[in-house]
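2 protein chains.
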Amino acid sequence: MDKPTNENPENINSPFDTFNPLEPQEFKRQAHLVIDFLVDYYRNVENYPVLSQVGPGYLKNRIPDSAPNGPEPIENILHDALIGSHPRPPRSSRTPYWIGLGKCSGYQSTSFSPEGGGGVIQGSTCDALLSTLVAARDKTLKKIGGNGINKLVAYGSDQTHCTFRKGAQIAGIHRDRIRAIRTSKANAFALSAEDLRVAVEADVKSGLVPFFLCATVGTTASAAVDPLGPLGEVAKEFGIWVHVDGAYAASACICPEYRGFINGVENADSFSFNPHKWLFAGLDCCCLWVKEPAVLVEALSTNPDYLRNKVSDLKKVVDYKDWQISLTRRFRSIKLWILLRSYGVANLQQLIRRYIKMAKDFELRIKTDKRLEVAVPRNFSTVCFLISPILIRGENQVSDDQTWINNLNAKVLESVNESGKIFMTHAMIGGVYVIRIAIGGSLTENKHINLAWEVVKEHVDKAMLLAA
Amino acid sequence: MDKPTNENPENINSPFDTFNPLEPQEFKRQAHLVIDFLVDYYRNVENYPVLSQVGPGYLKNRIPDSAPNGPEPIENILHDALIGSHPRPPRSSRTPYWIGLGKCSGYQSTSFSPEGGGGVIQGSTCDALLSTLVAARDKTLKKIGGNGINKLVAYGSDQTHCTFRKGAQIAGIHRDRIRAIRTSKANAFALSAEDLRVAVEADVKSGLVPFFLCATVGTTASAAVDPLGPLGEVAKEFGIWVHVDGAYAASACICPEYRGFINGVENADSFSFNPHKWLFAGLDCCCLWVKEPAVLVEALSTNPDYLRNKVSDLKKVVDYKDWQISLTRRFRSIKLWILLRSYGVANLQQLIRRYIKMAKDFELRIKTDKRLEVAVPRNFSTVCFLISPILIRGENQVSDDQTWINNLNAKVLESVNESGKIFMTHAMIGGVYVIRIAIGGSLTENKHINLAWEVVKEHVDKAMLLAA
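Quick mapping for you: the protein sequence lines, in order, are chains F and G.
Residue 1 is where the first sequence starts when you use the working numbering, and the numbers rise one by one after that.
Residue 1 is where the second sequence starts when you use the working numbering, and the numbers rise one by one after that.
Keep in mind the hints are simulated off the structure, nothing from the lab.
Note that beta-carbon positions come from the ideal geometry of N, C-alpha and C, so glycine has one too.
Errors might be hidden in some of the hints.
What the hints assert, rightly or not - Derived DEER-like restraints, expressed as beta-carbon distance ranges:
1) S442(F) <-> G420(G): 41 to 49 Å
2) Q25(F) <-> A410(G): 49 to 57 Å
3) G431(G) <-> F37(F): 41 to 49 Å
4) D65(F) <-> E458(G): 42 to 50 Å
5) R62(G) <-> P64(F): 46 to 54 Å
As the list claims (entries may be wrong) - Derived DSS-like pairs: lysine-lysine, alpha-carbon spacing no greater than 25 Å straight-line:
6) K28(F) <-> K335(G)
7) K310(G) <-> K411(F)
8) K310(G) <-> K457(F)
9) K411(G) <-> K310(F)
10) K421(G) <-> K310(F)
11) K142(G) <-> K236(G)
12) K357(G) <-> K310(G)
13) K370(G) <-> K139(F)
14) K151(G) <-> K236(G)
15) K28(G) <-> K28(F)
16) K370(G) <-> K185(G)
17) K447(G) <-> K421(G)
18) K151(F) <-> K139(F)
19) K335(G) <-> K335(F)
20) K28(G) <-> K335(F)
21) K447(F) <-> K457(F)
22) K447(G) <-> K310(F)
23) K143(G) <-> K151(F)
24) K151(F) <-> K151(G)
25) K370(G) <-> K447(G)
26) K367(G) <-> K447(G)
27) K462(G) <-> K310(F)
28) K462(F) <-> K421(F)
29) K421(F) <-> K360(F)
30) K151(G) <-> K143(F)
31) K185(F) <-> K151(F)
32) K310(G) <-> K421(F)
33) K151(G) <-> K142(F)
34) K370(G) <-> K421(G)
35) K151(F) <-> K139(G)
36) K60(G) <-> K291(G)
37) K462(F) <-> K310(G)
38) K151(F) <-> K142(G)
39) K357(G) <-> K447(G)
Please build the complete structure, drawing on both the sequences and the hints.
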């Protein structure tokens, strides 16, 4: 098999539409290859020099600066990663492939280009949010004086992930100054820029200092998308740091047709998303971009003597310990690097499209069943639905009490999950209990969606019988 | 091979004194076993129920509550961990083996018993310090009022790891209120309780609020041990939370003869150490004990609706997301669990003793070479030494200038490391540049210590020739 090149994606005879990311026999073969490499390495370890013999920049010059369109054989990848000219895998966390991922997501047209800001792979959104909160906090305290921490106000919506509040609390922001601005069904539970302005103006009037906004692309409960453009305008006016949390949904932006969801990201100061959520990376992989790395580094840097060395003193390397909470760094980039090369961009795009198509199919069935209702507009591969209150009110005259309807839906979800056949989750959105199906498992196929629908129908049938 | 039992350690025919923790052929066999298990699991995944069918407490009842003295065969361990009655590995992070580790370290005689506080495995000391700083901060703010954050003072010594300052800064403690109390050679660079008292009293006099002390067992630079007993007395008097950072050295306390180093830990509010440093665990394994888990949980808890479920509502499970920074949890306990069972306590103890013995041997050679000097008393497996300034001053009359001596030692270290045969590090301790050798690599044997000594001698010879 010829090694595919990035330049000629059409040369690759990869079946993008039928790509199977986890074929057991092939997984076994690849895993055994890696194990055997490790064993050979340790058998010969005494023959290698104790310290790496390569200098800063060595790796960057060895690998392409964009991800391949098609998959590459594991042998090539291992050769580059492990068996190359030096036996020790280079332990950088800012793989150029992260940049390649940025490029394939269309970020290079924004200020989040490799030339502008900088990127680091952290463990979770909470790490990323806490890091940027601390950077924004210290940037603002520099202006208003170090004792002003109690004046700082951070903003999110009532749909923002709880990790935002947790991060702000850890950063020492006063609990009374962490705002969760209310959203509504009218705005599809996205944060309204006008509501943000009202909240910010009220705080400024009270002598407080707005300093941070967490906007979300794909909220946890319903995958709502906050309008980055208008929110960014308000934030800019008041000197507020904007972080965009795209934890789950931003993975879809590797497909051109979904890039519109992050329009306005060029106004943001930082942006994070988790390839471990919807892009097949293993857990503990949160990509964070910041517009001004110097601000992040100033907030998080430490320079004890025992961590200094020649290359760090010459500033020839980026010390990623100063870009995150912990000083210890796991070798997180390698899983993303191997993922991008072994899948290829085209397959990743096709997988994203396949999940969204399955979600659309499921949504269509919900829409065609009169007893059910899609709770909020579907943006990605998550469908939120419920047994329709209109139906219950209108036809069966059972109840128009929201608590009763919520309990009914909770019971349906419980019995669905007790079946052991599928697993769905729930959320409370605007006081309404909704059932959520999120499609993105690496083994999920159309047949599972069919099964899910059969199970849902069966348990809705039962519930309606009991409710009648 | 019979399965060894915990009750009869003398029955085990394990060669504790020659135990090899990384025999390549055996590693290969075990790794292939695990891979094959995973492959079989995914091949049959459709036959399993989607949700775990076991309830809270299931795991705790299945496994012994203390670590075995001798090693167990990997087949038994995998059977219990993975292939047992349920195909999904239980994802608890608070393995009873953590408790077992506590027991074998002698902690059960202190307030750090399983019955008292609680434990969690985090990623790094910075995570552990930040978590406890935030808990202590919020506990104190509850007393003095939520706006008092700028009054809070945190204490460490000039030998405390920089992660303490970093953690305190992240937690919003004012940079001017993070104290690094000076240590001296007279105290072997340990933090003096008297000096702490002086600093605390001065701060109280100024209207500030002392709230946190980071004491260290085995400092980074020289493995100094802060006197936990006397420090704890001072802290108690002023209501200061004491965290004990035993990152590297506390692993030695699994041997009874080294337990004295943590005498006084019963006065501490929290304690952490990293089995990934000196106890063969993979990176990202920091064990944290807290005396009052409720305080930690109050500072770090979040309860969004989408993370609630039946068992969490009934408080039948411990939600470890509230015991750490991130909500996401890696399955960190399994590596410790497999480690403890596959090595056994006796082998772990013997390995610790073997490293300390090697360090002693190396130290003895330094002592017998008149050109060299042991810089600080050796406590564990780290030896700090330098080319003796007395010698240079007294015999060669070259210089008594500290900068000159420091540069000479720096040059020796540089040439030692450039040899590619061994790797040593440095530290500045009380203005003196010292060379450090830390022994603890899983493949390190006596022959490597001999080699290290030969290399050091060779480069000292050269340096003395040049300096003469």
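Checked hints:
Restraint check, S442(F) to G420(G): a C-beta distance of roughly 43 Å satisfies the suggested window 41 to 49 Å. Range check, Q25(F) to A410(G): Cβ separation about 55 Å, and the 49 to 57 Å hint holds. Under the hint 41 to 49 Å, the C-beta atoms of G431(G) and F37(F), about 46 Å apart, fit the expected range. For D65(F) and E458(G), the hinted distance range of 42 to 50 Å is satisfied, since their beta carbons lie about 43 Å from each other.
The hint said 46 to 54 Å for the Cβ distance between R62(G) and P64(F), and at roughly 49 Å that hint holds. Pair hint K28(F) plus K335(G) holds up; C-alpha atoms about 21 Å apart against a cutoff of 25 Å. Of the pairs offered as hints, the one joining K310(G) and K411(F) holds, with about 12 Å between alpha carbons and a cut-off of 25 Å not exceeded. Taking the CA atoms of K310(G) and K457(F), the gap is near 24 Å; set against the 25 Å cutoff, the hint holds.
The straight-line distance between the Cα atoms of K411(G) and K310(F) is roughly 12 Å, inside the 25 Å bound, and the hint therefore holds. The hinted pair formed by K421(G) and K310(F) meets the criterion: a straight-line CA distance of about 19 Å does not exceed 25 Å. Taken as a hint, the K142(G) and K236(G) pair is honoured in the structure, with Cα atoms around 18 Å apart against an allowance of 25 Å. Of the supplied pair hints, the one linking K357(G) and K310(G) is violated, its CA atoms being roughly 53 Å apart against a limit of 25 Å.
Distance restraint check for K370(G) and K139(F): the Cα-Cα separation of roughly 53 Å exceeds the 25 Å cut-off, and the hinted pair is therefore not satisfied. Simply put, K151(G) and K236(G) have alpha-carbon atoms about 19 Å apart, close enough for the 25 Å limit, and the pair holds. At roughly 14 Å between alpha-carbon atoms, K28(G) and K28(F) fall within 25 Å of each other, so this suggested pair holds. The suggested pairing of K370(G) with K185(G) holds, with an alpha-carbon distance near 21 Å, which does not exceed 25 Å.
For the proposed pair K447(G) and K421(G), the alpha carbon gap of about 12 Å is at most 25 Å, so the pair holds. Restraint check: the Cα-Cα separation between K151(F) and K139(F) comes to about 14 Å, which is no more than 25 Å; the hinted pair holds. Proximity of K335(G) to K335(F) is assessed by CA-CA distance (about 19 Å); at most 25 Å being required, the pair is judged to hold. Using a Cα cut-off of 25 Å, the hinted pair K28(G) and K335(F) holds, with the two alpha carbons roughly 21 Å apart.
Of the supplied pair hints, the one linking K447(F) and K457(F) holds, its CA atoms being roughly 15 Å apart against a limit of 25 Å. Under the criterion of a C-alpha separation no larger than 25 Å, the hint pairing K447(G) with K310(F) is inconsistent with the structure, at around 29 Å. The hinted pair formed by K143(G) and K151(F) meets the criterion: a straight-line CA distance of about 20 Å does not exceed 25 Å. In summary, the hint linking K151(F) to K151(G) is supported, as the alpha carbons are separated by about 15 Å, within the 25 Å threshold.
Restraint check for K370(G) and K447(G): the C-alpha separation of about 23 Å stays at or below 25 Å, so the hint holds. Of the pairs offered as hints, the one joining K367(G) and K447(G) holds, with about 19 Å between alpha carbons and a cut-off of 25 Å not exceeded. Restraint check: the Cα-Cα separation between K462(G) and K310(F) comes to about 22 Å, which is no more than 25 Å; the hinted pair holds. A C-alpha spacing of about 17 Å is found between K462(F) and K421(F), which places the hinted pair at or below 25 Å, so the restraint holds.
In summary, the hint linking K421(F) to K360(F) is supported, as the alpha carbons are separated by about 21 Å, within the 25 Å threshold. Distance hint between K151(G) and K143(F) is fulfilled; the C-alpha atoms sit about 20 Å from each other, no more than 25 Å. Distance hint between K185(F) and K151(F) is unfulfilled; the C-alpha atoms sit about 32 Å from each other, more than 25 Å. Restraint check for K310(G) and K421(F): satisfied, since their Cα atoms lie roughly 19 Å apart, inside the 25 Å limit.
In summary, the hint linking K151(G) to K142(F) is supported, as the alpha carbons are separated by about 18 Å, within the 25 Å threshold. The suggested pairing of K370(G) with K421(G) holds, with an alpha-carbon distance near 24 Å, which does not exceed 25 Å. About 21 Å separates the Cα atoms of K151(F) and K139(G), which keeps this hinted pair within 25 Å; it holds. Straight-line distance between C-alpha atoms of K60(G) and K291(G) comes to about 21 Å, which keeps the hinted pair within the 25 Å bound.
Pair hint K462(F) plus K310(G) holds up; C-alpha atoms about 22 Å apart against a cutoff of 25 Å. Proposed proximity of K151(F) and K142(G) is supported: the alpha carbons are some 18 Å apart, at most 25 Å. This hinted pair checks out: K357(G) and K447(G) have alpha carbons roughly 13 Å apart, not beyond 25 Å.
In this structure, the hints that do not hold are numbers 12, 13, 22, 31, in rising order.
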